[in-house]
Amino acid sequence: MNRSGAVLRARGLVKHYGRGQSLVRAVDEVDLEVPEGQTLAVMGPSGCGKSTLLHLLGGLERPTAGEVWVAGRRIDTLGERALARMRRRSVGFVFQAFHLVEELSAAENVELPALLAGHSPREARRRAGLLLERVGLAGRARHLPSRLSGGQRQRVAIARALVNDPLVVLADEPTGNLDTAATLDVLRIFEDLRAAGQTLVIVTHDERVAATADRLVSMRDGMFVDDTRLAAAQPRGLGGLGGLLGLEG
Amino acid sequence: MQEAVLALLAKEPSHGYHLYARLRRALGPLGESMNRGQIYVTLARLERAGLVAGERAEGLAERPERKVYALTPAGRERVAAWLGEVGWPKPDLAEFHLKLTVAAAARLADPMELVAAQRRELLRRLREVQRAALAEPAAPGAGLLLEGVVLRLQAYLRWLDACERAWSGAGDEVEDG
Chain A
287 MNRSGAVLRA RGLVKHYGRG QSLVRAVDEV DLEVPEGQTL AVMGPSGCGK STLLHLLGGL
347 ERPTAGEVWV AGRRIDTLGE RALARMRRRS VGFVFQAFHL VEELSAAENV ELPALLAGHS
407 PREARRRAGL LLERVGLAGR ARHLPSRLSG GQRQRVAIAR ALVNDPLVVL ADEPTGNLDT
467 AATLDVLRIF EDLRAAGQTL VIVTHDERVA ATADRLVSMR DGMFVDDTRL AAAQPRGLGG
527 LGGLLGLEG
Chain B
59 MQEAVLALLA KEPSHGYHLY ARLRRALGPL GESMNRGQIY VTLARLERAG LVAGERAEGL
119 AERPERKVYA LTPAGRERVA AWLGEVGWPK PDLAEFHLKL TVAAAARLAD PMELVAAQRR
179 ELLRRLREVQ RAALAEPAAP GAGLLLEGVV LRLQAYLRWL DACERAWSGA GDEVEDG
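Residue numbers (this note's numbering), protein chains in the order written: chain A, 287 to 535; chain B, 59 to 235.
If you're looking for bench data, these hints aren't it; they were derived computationally from the structure.
Ideal Cβ placement from N, Cα and C applies to all residues, glycine included.
A couple of the hints might just be wrong.
To be verified - Restraint ranges, calculated between C-beta atoms of paired labels, are given here: (1) Gly89/B x Leu309/A: 42 to 48 Å; (2) His302/A x Pro71/B: 50 to 56 Å; (3) Ala220/B x Asn463/A: 22 to 28 Å; (4) Arg103/B x Pro321/A: 35 to 41 Å; (5) Ala193/B x Arg367/A: 43 to 49 Å; (6) Ala368/A x Ala193/B: 28 to 34 Å; (7) Arg360/A x Met59/B: 39 to 45 Å; (8) Gly462/A x Gly206/B: 18 to 24 Å.
Claimed, not checked - Quick partial rundown of chain B residues pointing at chain A, CB under 7 Å, derived from the structure: (9) Ser91; (10) Leu166; (11) Arg178; (12) Arg182; (13) Leu184; (14) Gln212; (15) Leu215.
So here's chain A without its partners, still in its complex pose (with noise of 0.2 Å):
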């Protein structure tokens, strides 16, 4: 850990692609700092550049400039081989689409992250029954992937991203393809990890998600324009929430 004690740190983040007419400032000098047990949203609309910030803050881009730390250590410099295991110890991914492998059952794509990273088939057998149980799901780890809803499938996702222990989850759009339902599903995971103070960054275009977040920042055309803490100075009773309703006056 670094003397800050920010888990993710980039700074004067730059990505491009193309070049001459058709040069896309994808990302355009961005500083950021993600504390350890934050959770962050970044919204923006579409092609503002969200994902391929958060696919350069996890390593699976790199940056046209500037650096990318994760807990310390500078990562846009790493070879290939030290990249992929950076990724697998540190960084847990969640995706729209879930990117589930088909042929395996939810237990076994749980497993196989952690199998890649050294453990034991036992240790991650053990690791994969506690994370399904924690996601709901203790009843369908032998299903295969094809038997579940979208929204099952996103948590065994996000048990999948959890089986390394990752200083920090990385989550993009991860309730684009999901109903009202197994959006509050997800949600009560991500507040749940909050709680135990995971580590959580989260791209995003539905307001609600980005509204459990501790900190929002806001991307147009590769750059911050906002930053909010949303975390309340003093929480509101139910007088409050009656407020919201609009049940006074």
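Since the structure of chain A is provided, determine the placement of chain B on it from the hints.
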């Protein structure tokens, strides 16, 4: 409408008919139902409340149409308070629209800042409702009511995005005229 009239006076004193024309222009088709009499009724009320002071133009008969209205210090305070208000739980879209228009025209505030402040406040409220909804068991009941509130807040937030798109970059071109 009272606050919108006050805000229009923040830049410079004005005649009632001029205020009427500006409000109608800002509201477009929604302003068609407004009549000129309403402006004078509003101005008279504001004058009684000590928020504006009307001054008769020299050499003309004592008629409201001839008066030039100006903000009093109390009126100025009221405008500042109004700009910072968040209209939830009874959001008045026309009112917020007017707020942006007059704030830009009178250079009282940056419309983008007003949108951002409104959004921050609504997101904080959405967060509270969302947390209450997450704490509810998944059964129709209070959760259903909270769902309605969430959807309403979301609709308002999306409209704010549209406001932001419309006002971004328009800042310098918006002149009273």
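Tested hints:
{"no.": "1", "hint": "Gly89/B x Leu309/A: 42 to 48 Å", "result": "45 Å, holds"}
{"no.": "2", "hint": "His302/A x Pro71/B: 50 to 56 Å", "result": "53 Å, holds"}
{"no.": "3", "hint": "Ala220/B x Asn463/A: 22 to 28 Å", "result": "25 Å, holds"}
{"no.": "4", "hint": "Arg103/B x Pro321/A: 35 to 41 Å", "result": "52 Å, violated"}
{"no.": "5", "hint": "Ala193/B x Arg367/A: 43 to 49 Å", "result": "45 Å, holds"}
{"no.": "6", "hint": "Ala368/A x Ala193/B: 28 to 34 Å", "result": "43 Å, violated"}
{"no.": "7", "hint": "Arg360/A x Met59/B: 39 to 45 Å", "result": "58 Å, violated"}
{"no.": "8", "hint": "Gly462/A x Gly206/B: 18 to 24 Å", "result": "23 Å, holds"}
{"no.": "9", "hint": "Ser91", "result": "26 Å, violated"}
{"no.": "10", "hint": "Leu166", "result": "21 Å, violated"}
{"no.": "11", "hint": "Arg178", "result": "5 Å, holds"}
{"no.": "12", "hint": "Arg182", "result": "6 Å, holds"}
{"no.": "13", "hint": "Leu184", "result": "4 Å, holds"}
{"no.": "14", "hint": "Gln212", "result": "5 Å, holds"}
{"no.": "15", "hint": "Leu215", "result": "5 Å, holds"}
Consistency note: the structure conflicts with the earlier hints numbered 4, 6, 7, 9 and 10.
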